[in-house]
Amino acid sequence: MRPYLGLFRHDVLLAFRQGGEIGLALGFFVLAVMLFPLGVGPEAETLRQIGAGIIWVAALLAAVLSLDRLFAADYADGGLDLLALSAMPLEGAVVAKCAAHWVTTGLPLAIISPFLALLLDLDARSMAVLALGLLLGTPALSLLGAIAAALTLGARRPGVLSSLIVLPLYLPVLIFGAGAVEAGIAGGGARPHLLLLGALSLAALPLAPLATAAALRQALD
Amino acid sequence: MLTYLANPARFMRWSGAMLPALGLAAVAMLAAGLYLALFVAPPDYQQGESVKIMFVHVPAAWLALFAYLVVAVASAVALVWKHPLAEIAAQAAAPLGAAFTLVCLVTGSLWGRPMWGTWWAWDARMTSVLVLFFLYLGYIALVNAFDDPGRGARAGSVLALVGVVNLPIIKFSVDWWNTLHQADSVFRMGGPTIDASMLWPLLVMAVGYLLLFKALLFVRMRTALNERKARALRLAAPARRSDAPVPGASPALR
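First to last, the protein sequences are chains A and Z.
Per the numbering used here, residue 1 is the first one in the first sequence, and the count goes up by one each step.
Per the numbering used here, residue 1001 is the first one in the second sequence, and the count goes up by one each step.
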């Protein structure tokens, strides 16, 4: 367990100390949400209807933008080779790195989402469902995103490429995440959607690291 | 069979012999299928003549899924056994699959306009087929994104296997969600519910599509192998380049 915790701590500390990486993702998230009231018009009624969808789309894009942080630096300086050669299985190292990525992107997004929901005129109940959905769904975003981040190591224009690869895989998370809030507003229960979101994250937890580790191994060959 | 054809020279001979027969069979089946579909099959009692879009739309959808299965299985074979032709087969099948997916989406849209009154609806079947189209595009982009073609092929193989999760979602989307697109009427428990007068032209068209896919797959694989051979020859003969004048090269570089 020690090496995994060490790797996790290392990545989280890097994100905090290496100047504004978390701030960048959060700033992008807030700005992307702000664009919509300016684009579709500031009527509270419209915003309330599409608010949850806007926040989820912005969260997806913020997650995609932060993906290159996962492996690119370690790939460039050779740290990834050392991880692959070390005694701990690469799959486990991937889980530790994804956990660190989630703590520094998904978790902050979920924490500030109620404030953005205020801007979009969502009521208190929808706010709670939205934040809970983000907490349950963003681990899947980090885990699935790691596959694309690993596949595009060393490619030309990895940023655009990884978003083309990963956004189709993110669709179920978006559908159930935004669906939970809408079902809550429409009077149906948000519970089934939230359970499915949790199920997506739990299914991605063992499966996505397998694919990510396979992608990393072929990148390091 | 898998090991026998692993030799590219043997594959070239074998596929070269098969190709004319495959191509002729594909043309014959497609011609027969179109004749049966357009002139023999009866118009639908509700949809009238526009039901005939089905004979183009449904086989394209089947082939879109089948081609992805080919890409995924070939990728698995490439990753596990490092079969020399598997990566070539996967890369050759992907653009064909993308084309079939596009045909399926476009004809579905043309069919949806008179029947449902809309070009497009965000129902589960259509959305998941659109995702399939983007999976194909992502695979093709990833394969071509590396300076080293081997890297691109291996990365693409991993992505193709990840994308397999979408196939059952497409197949069962019409059963899991209650959506606009109708449920399966051919491959279902208890036999097809579609009438035999329409089922037979549909199956003939499907076989025609399948033969066309195979013929085009062989053409693309043979082209890829020839390209690879040409590249190897170019790299193996740098000596000859020094005495032949290279267009555009400065004399100092020669």
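Simulated from the structure, these hints should not be mistaken for lab results.
Note that CB positions come from ideal geometry on N, CA and C, so glycine has one too.
Treat the hints with care, as some may be off.
[As the list claims (entries may be wrong)] If you want a taste of the chain Z side facing chain A, the calculated C-beta under 8 angstroms gives, among others:
| no. | residue |
| --- | --- |
| 1 | Ile1140 |
| 2 | Arg1154 |
| 3 | Ala1155 |
| 4 | Val1164 |
[Claimed, not checked] Simulated coverage check for chain Z against chain A, where a stretch passes if three residues somewhere in it have a Cβ under 8 angstroms from a Cβ of chain A:
| no. | segment |
| --- | --- |
| 5 | 1124-1134 |
| 6 | 1141-1148 |
Results for each hint:
no.	hint	verdict
1	Ile1140	10 angstroms, violated
2	Arg1154	4 angstroms, holds
3	Ala1155	5 angstroms, holds
4	Val1164	11 angstroms, violated
5	1124-1134	holds (count 3)
6	1141-1148	holds (count 5)
Violated hints for the displayed structure, listed by number in ascending order: 1 and 4.
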